[in-house]
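Number of protein chains: 2
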Amino acid sequence: MSSDHADAIHYAHQNPAQFIQHLKEFIQIPSVSTDPNHTGDMDRATRWLSEQLHRIGIVNSRIIRTGGHPVVYAEQLSAGPAAPVVLIYGHYDVQPAEPLNLWQSDPFNPEQRGDNLYGRGSSDMKGQIMATLDAVESVSRNGGLPVNLKFLFEGEEEIGSPSLEQVITENKHLLKTDLALNPDAGMIAPDTPSIVYALRGLAYFELRVFGPTQDLHSGMYGGVIHNPAQALSELIAGMHNADGSIALPGYYDKVKLLSAEEKEALSRLPIDNDFYIHQTGVPALWGEKSYTPVERTGARPTLEINGMESGFTGSGSKTIIPAWAMAKISMRLVPEQDPQDVERQLRQYLIERAPSTIRWELKSMAGGPASLTPRDTPGVVALSRAIESVWGKPPLFKREGGSIPVVVQMKKILGIDSVLTGFGLPDDNVHGPNEKLHLPTWSRGIDALIHFFYNIAETYPFPHVSERSNL
Amino acid sequence: MSSDHADAIHYAHQNPAQFIQHLKEFIQIPSVSTDPNHTGDMDRATRWLSEQLHRIGIVNSRIIRTGGHPVVYAEQLSAGPAAPVVLIYGHYDVQPAEPLNLWQSDPFNPEQRGDNLYGRGSSDMKGQIMATLDAVESVSRNGGLPVNLKFLFEGEEEIGSPSLEQVITENKHLLKTDLALNPDAGMIAPDTPSIVYALRGLAYFELRVFGPTQDLHSGMYGGVIHNPAQALSELIAGMHNADGSIALPGYYDKVKLLSAEEKEALSRLPIDNDFYIHQTGVPALWGEKSYTPVERTGARPTLEINGMESGFTGSGSKTIIPAWAMAKISMRLVPEQDPQDVERQLRQYLIERAPSTIRWELKSMAGGPASLTPRDTPGVVALSRAIESVWGKPPLFKREGGSIPVVVQMKKILGIDSVLTGFGLPDDNVHGPNEKLHLPTWSRGIDALIHFFYNIAETYPFPHVSERSNL
Chain B
247 MSSDHADAIH YAHQNPAQFI QHLKEFIQIP SVSTDPNHTG DMDRATRWLS EQLHRIGIVN
307 SRIIRTGGHP VVYAEQLSAG PAAPVVLIYG HYDVQPAEPL NLWQSDPFNP EQRGDNLYGR
367 GSSDMKGQIM ATLDAVESVS RNGGLPVNLK FLFEGEEEIG SPSLEQVITE NKHLLKTDLA
427 LNPDAGMIAP DTPSIVYALR GLAYFELRVF GPTQDLHSGM YGGVIHNPAQ ALSELIAGMH
487 NADGSIALPG YYDKVKLLSA EEKEALSRLP IDNDFYIHQT GVPALWGEKS YTPVERTGAR
547 PTLEINGMES GFTGSGSKTI IPAWAMAKIS MRLVPEQDPQ DVERQLRQYL IERAPSTIRW
607 ELKSMAGGPA SLTPRDTPGV VALSRAIESV WGKPPLFKRE GGSIPVVVQM KKILGIDSVL
667 TGFGLPDDNV HGPNEKLHLP TWSRGIDALI HFFYNIAETY PFPHVSERSN L
Chain P
247 MSSDHADAIH YAHQNPAQFI QHLKEFIQIP SVSTDPNHTG DMDRATRWLS EQLHRIGIVN
307 SRIIRTGGHP VVYAEQLSAG PAAPVVLIYG HYDVQPAEPL NLWQSDPFNP EQRGDNLYGR
367 GSSDMKGQIM ATLDAVESVS RNGGLPVNLK FLFEGEEEIG SPSLEQVITE NKHLLKTDLA
427 LNPDAGMIAP DTPSIVYALR GLAYFELRVF GPTQDLHSGM YGGVIHNPAQ ALSELIAGMH
487 NADGSIALPG YYDKVKLLSA EEKEALSRLP IDNDFYIHQT GVPALWGEKS YTPVERTGAR
547 PTLEINGMES GFTGSGSKTI IPAWAMAKIS MRLVPEQDPQ DVERQLRQYL IERAPSTIRW
607 ELKSMAGGPA SLTPRDTPGV VALSRAIESV WGKPPLFKRE GGSIPVVVQM KKILGIDSVL
667 TGFGLPDDNV HGPNEKLHLP TWSRGIDALI HFFYNIAETY PFPHVSERSN L
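As you go down the protein sequences, you meet chains B and P in turn. Be aware that the first sequence starts at 247, since it is given in our numbering, and climbs by one per residue. Be aware that the second sequence starts at 247, since it is given in our numbering, and climbs by one per residue.
Hints may contain errors.
As the list claims (entries may be wrong) - Over the 12 Å line for every Cβ pair with chain P, so calculated as not near, a few chain B residues:
| id | residue |
| --- | --- |
| 1 | 249 |
| 2 | 328 |
| 3 | 503 |
| 4 | 581 |
Said to hold, decoys possible - Part of the chain B face toward chain P, derived, beta carbon under 7 Å:
| id | residue |
| --- | --- |
| 5 | 479 |
| 6 | 563 |
| 7 | 649 |
These aren't lab readings, by the way, just hints derived from the structure by calculation. We put the beta carbon where it would ideally sit given N, CA and C, even for glycine.
Given these sequences and hints, build the entire structure.
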């Protein structure tokens, strides 16, 4: 460890109160992206972020206006042309805090209780943004940054990032970098550092089954009409095989089996049946018997019914045959699958299986492919070493079941891999009431990020991107 | 035909505008029994009915309070002890009108377009109640009633008549009569008079399937959780066999096959595949292949999904695994089936088929057995002759697919058969948007009821019930 490196770690250890104080200020800005009443707070959050960047020495920043909430861009290219350029991604928006009555303290007036800091966005992801900035500050003030940094903080992640792809496309030149650091992932447990190296893709559909032109009296017509709710149920029931696999034609054609090495690595994660039962409250787990829960949630594609509606759903009884039935159906995809392929597969299934007694319509709602950052890429290696330096043991590698579209966009548009990290924990209640951040884990995260910046400067292979400041 | 009889028919023919006007007033009262916001309208409807009865000379009336909506009782026993006593049943409540945007005119501001009067309850069954009162008025004002009449108008038919059985039981003495006239049935076509002699029973349930304790992120947990909407769909899909029969254990044990004679009589009805396709707009019919559509809707039991709800059903996409899924499930029963038996059969099916990955709850909502009034009873014969007098041809005999629990209760508690009639048509959209009444058929119906009152007075076998006024 260089002297600067050691000084940076020391600096971080001397300043925890200041770091927490800055995070509290950030949480106090209720930047709820979905709520038009908070539009002013979105602007406040961007100004506050720009000031923080300036305070830690990132003086080149600007606000990129979008059709929605603005994006904060900043850069610090003082490490010179020989050093790699890292694009740091974050989102400054948060989920709504409602229902407020379930919070033990004001979601926008953060309160420290024990080892945790409670407040909306403490974990997702204001805490993660501030850990990154705290690490940058620690490095920057102790010998200067050994890497070049660009920052991209959006304000629409919690509403599906509607403006981001356009921002990245229109600023492709500005965002030219070697790799991205995305601290919007999390850890398994305080003592179990982990790195997410794969995310599943998404394909989301709305399926409507139409029967009679209007709701019918179930007594007058019961027996001759294929009830649309029944027909939809039959179609949904047929989408899975008895072994839990998905019955769409060709669905697994491109899905790769896990290597023995990767299966072994995933098996080391401390996530078993009991973990999922405890987290969810279900009486028993379900799914493909020949895969472990970790494999099923991370490395296998799935098909879920996200919603379903038909006929009379109020209290009491109404004896109708509904005119139609609807289901929201989404699939989580693994890296080999293409969202347009699976749409064709679903459509083919419906063509083959839908009976002539009903009509159906399928609407594609949203979609994006999965992403995978190979575990041996320089960024992942640098993070892995950083984590080992702090926790004293190597991180476990985890495939995450969710989707982070920005990772796909950065790969597709900018051609860069994302290193996923983050120091939130599974019980942080992100998106729920009493969201919290585990401060000891967070502090270790700041240390790990300090190490990461030095590691990446040392290990990143040449040549780096040639363009530097485009601001 | 007696002179009075001819005068009564003449009177009815002179007063169509007045009859329609009264019906419109009745429809204007939104007596939606299932909606607590309409409680005041239920009282208005009972007052309005009492006034109408008074206007046509039925001065003895009272409101019977119940735990739910009140019942209107009235009587006119002026025909003397030698004449039969007919109990006229009706329900003044209507189905909800929602979805309102599908109505071409206000459901509670009836509009005449061509030969039809549009409005909620125009056919089911305010139109039928008013046809009966118009017939009573016509007879009463032209020589007086040749039969004694008692009236029982409930306000809870559309919600399963929860209070009616108690009302009939507690007022058994008051309701002592020779037969019931229940005009809550309908006709096949304007030129095809028919008499319904059998009704299916009903058993209505709400099934809830519970998975995780709260909605889950479909990315984080997709693959290990049995999605409750999927599990419910699987259970629903399994409730029918491939041949359209119902898969509940023991479901057909008591169901009788139709006699060759009855099959032949039913085959004379002008109702075929095309009829049902035309009526409903479905691309093709469905159901048990070894039975005709008429047999399937009238003489075979069925199972319908009346409604279904789970997860996110708004516009757009939300990637959750829902915490629960719900279906409203009802069965139409044939005379041999017992509603409590089928509840046990459904419960047994769920015990056998529900997987250990979910929890379920089954709530019984409403139920009643089927009923059958032999085609040779005096009341049916009197109605048959009345219909032949008006239409110039004998009625066809039909088993109706719907359920009228009061018919069963009157048989069980009062020991009387119900003569079922009514002048609604299959395309009246009862329970749906744009409910209408075909006025020319309705006018013929008033004539037929006038004939019926004279016929029943002439043909009813002695002795009649001895008790008369119990008010």
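Which hints from the list above does the structure break, by number from lowest to highest? none
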